[in-house]
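Chains A, B and C, in that order, give the protein sequences. Per the working numbering, residue 1 is the first one in the first sequence, and the count goes up by one each step. Per the working numbering, residue 1 is the first one in the second sequence, and the count goes up by one each step. Per the working numbering, residue 1 is the first one in the third sequence, and the count goes up by one each step.
Do not rely on the hints blindly, as some may be mistaken.
Identical copies look the same in the list; a pair holds intra-copy or inter-copy alike.
Within a straight-line C-alpha distance of at most 27 Å, the following computed DSS-like cross-link-like pairs (lysine-lysine) qualify [stated by the list, open to error]:
| no. | residue 1 | residue 2 |
| --- | --- | --- |
| 1 | Lys51 | Lys293 |
| 2 | Lys129 | Lys284 |
| 3 | Lys293 | Lys129 |
| 4 | Lys51 | Lys284 |
| 5 | Lys259 | Lys290 |
| 6 | Lys293 | Lys52 |
| 7 | Lys290 | Lys129 |
Worth flagging that the hints you see were computed from the coordinates, not collected in a lab. No experiment lies behind these values; they were computed from the predicted model shown.
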Amino acid sequence: MLETELQKEMGKVTEPATENILTMTDLPLGTIDKILTNAQEFAHTPYWFEKKNVFAANLFFEPSTRTKLSFEAAEKKLGLEVLNFEADTSSVKKGETLYDTVKTIESLGADVVVIRHETDRYFDELAGKINIPMINGGDGCGHHPTQSLLDLLTIKQEFQSFIDLNIVVAGDVRHSRVARSNIEALERLGANVFVSGPEEWMEGELRSRYIPMDEAAEMADVMMMLRIQHERHAVQMVAGVEEFHQKYGLTVKRERLMKPGSIIMHPAPVNRNVEIADELVECKRSRIFKQMKNGVAVRMAVLDHVLQLTKGGYKK
Amino acid sequence: MLETELQKEMGKVTEPATENILTMTDLPLGTIDKILTNAQEFAHTPYWFEKKNVFAANLFFEPSTRTKLSFEAAEKKLGLEVLNFEADTSSVKKGETLYDTVKTIESLGADVVVIRHETDRYFDELAGKINIPMINGGDGCGHHPTQSLLDLLTIKQEFQSFIDLNIVVAGDVRHSRVARSNIEALERLGANVFVSGPEEWMEGELRSRYIPMDEAAEMADVMMMLRIQHERHAVQMVAGVEEFHQKYGLTVKRERLMKPGSIIMHPAPVNRNVEIADELVECKRSRIFKQMKNGVAVRMAVLDHVLQLTKGGYKK
Amino acid sequence: MLETELQKEMGKVTEPATENILTMTDLPLGTIDKILTNAQEFAHTPYWFEKKNVFAANLFFEPSTRTKLSFEAAEKKLGLEVLNFEADTSSVKKGETLYDTVKTIESLGADVVVIRHETDRYFDELAGKINIPMINGGDGCGHHPTQSLLDLLTIKQEFQSFIDLNIVVAGDVRHSRVARSNIEALERLGANVFVSGPEEWMEGELRSRYIPMDEAAEMADVMMMLRIQHERHAVQMVAGVEEFHQKYGLTVKRERLMKPGSIIMHPAPVNRNVEIADELVECKRSRIFKQMKNGVAVRMAVLDHVLQLTKGGYKK
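Okay, chain A solo, but in the shape it has when bound:
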């Protein structure tokens, strides 16, 4: 028994050689807290670090403006040198496996790699085989931990704590990689998480969290609107765009039902007048562009976490 206790203790100090950030589920609450605290620091002050002799490689197999540029901005502010791998003009066309591509990036001298890939849990075939930290920049419809963390940062900046906050995730919950990661993480952090949107879209576990949009607007501290991922199909299956907006979107009328101090979030890009009324995108409650700003700070903190740059522990 004593031995087991000791092993546990030792387990805490014996960090793995390489720490990855792949899913919210794998992140201990302590790590989440540490990342958010550092990110808050980075968000407040115009932090820029000295140039380091460290390469960050961005491997994006799917188009993405904000995630990629957000990582790039974070890397440059940390003083890292950036290598951008463009999947369109690459060996991937020549049929190379993902493993070989990532191993190549490692061989070229990358010290950390950010990957976005359309395959769910693409990282499972890589974990344990790559000797540099991997950060998941989004996989299939599954995980997007840095997006979740920036959402958490935005909420924490507003309410300091997550305990007993009423958070409504509204819209295309089925297709959203952000939604699932967020729901789970928020619950672990003590929030009450609800979902809203077309009832037809709520399956399994989601059904028990369902509330109608008007009710949602009234009780939410945070309205997390989701982007309609496959707009035409998704929306047409339920209703026309205008009807969808009236039934399930955040309309001007619904915003008026919201409590004082409650906020609106959206991962962007926004479909104006579908998920959210045009007038609300930059309204007083909206934190949409603040989320993007926070994204850079959170990614700095995540990179710093895996590379241990500011701890002084990182040496090339």
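Mind docking chains B and C on chain A? Use the hints.
Below, chains B and C without anything else, positioned relative to chain A:
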């Protein structure tokens, strides 16, 4: 009256929070002069500035080698960190508005944004809503102020003054974003501006400036050849390529008509043996590659102007 | 006679204004040796140089992950500023000549240019007309000197000398730009070079070097496997993929025939289970990922050679 005088004076010191460079028309002659003077400085010496903690974002919605690389070289020589937004692999595909894209770039921490977009006056919907300086890298068939400024710099280096210079803008005047900006700016600076090319292409105000090519070659101090924008259509409507060259291009024969000291310019890329004879592209009179070199210097001066880097007045 | 001797001596000190690295054939053995010695230095230690005010431009007209990123990593480690020219979104679409594009890059201030182009010996039309050093990053099916040099470095690290080494180049020798450069260079360095693969593919001079795969495996110090360039056509013409692997690939069985101390190389990307068995890609004999690591070191040495950065002789 006194009050008005005072207000005028005050007007001079109260600069707008954000200064944009969008069109030549909007640029006061004083600003043009200041930019050209600084650019001339940057062009002479191999100026490189210390790294600054400042982000320049390049948003190019249209392909462009020289303009984009020219801005990038200018940004790096000024010590700025560069964020390149690639429109092909971006959220624009997901139907995001231009405003939301630019606002995102601002939220990610860009301190200045260079935009090239196919829509005429795309910037009208942005002006006043974006809190960082915008530089127009070309819009539709309309404006391209940094190209105009580099043309002006090239002429100024040659003749010191613009007053009473005979400048001929020749070729596809209708489709050229450069032509219109240049004609107006050169006239404000005191030059006599003429146009040449197929008469059928000269509409409205242009007709009064028209002169035939041989006459143009004889009297010009500066022959500004334009690129045929929509080569096949444009040229086929008038004549075959060879016939076009003989009738409206700068042939070897026409170059011999030119005055001593007069120069040839072209914004490039050149269609050799269409607008200009192959042998003339790098002839003694040609300033074509010098224009490209000047482009970097002018863009440094423009970025410096909006960011006020070398004034010491810029702080993040 | 004396005069000729003198001229020869003088020839040694009168370096050309611009030195290019275009083909292995043009590289004197002394230069190869110098580059490999420097590269070995760069490969051993995590060399990073101070930022310099020097632009390296990468012009890639063909997709390539590893070559482009490898050059980019090398440039950044040398402290160069990188300008990436993307052929897809460029003026090349507008019909500009290669010469005009390269001249533009030079005019924009590039101090060295790396070019990859699909045309065999594209550089012949450029040589002597460009005033900055050119490095060939691969042309058509012809030359790829930095790939050859990284192969040489990998062999030199293993065996110190090339003299009397048995080196087998196996696979699609006809289509491989690497193969031809390597065969010639290795022979000049004193190695015995053989080829293997489908006999039908061995033409002309290659026939005299041919040995069957089993024999090759037994006697080789180095098995240089080639990538099947036009997989479907090439393989189907000879056999199915599985049959090709069994007949001409490096199978697990053949690896067991290899001598102690002999190594396996491949330029990558690998077609697993075509040219080489999946299990062998990272086996003890394999130097495949080491080759990629060496690629960065070799490219640093090549850039250093043409720019004379570390000699102290380079001034902007």
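Against the structure, the hints:
no. : hint              : result
1   : Lys51 <-> Lys293  : both (22 Å within a copy, 22 Å between copies)
2   : Lys129 <-> Lys284 : between (47 Å within a copy, 16 Å between copies)
3   : Lys293 <-> Lys129 : between (33 Å within a copy, 17 Å between copies)
4   : Lys51 <-> Lys284  : neither (38 Å within a copy, 37 Å between copies)
5   : Lys259 <-> Lys290 : within (20 Å within a copy, 60 Å between copies)
6   : Lys293 <-> Lys52  : both (23 Å within a copy, 20 Å between copies)
7   : Lys290 <-> Lys129 : between (37 Å within a copy, 16 Å between copies)
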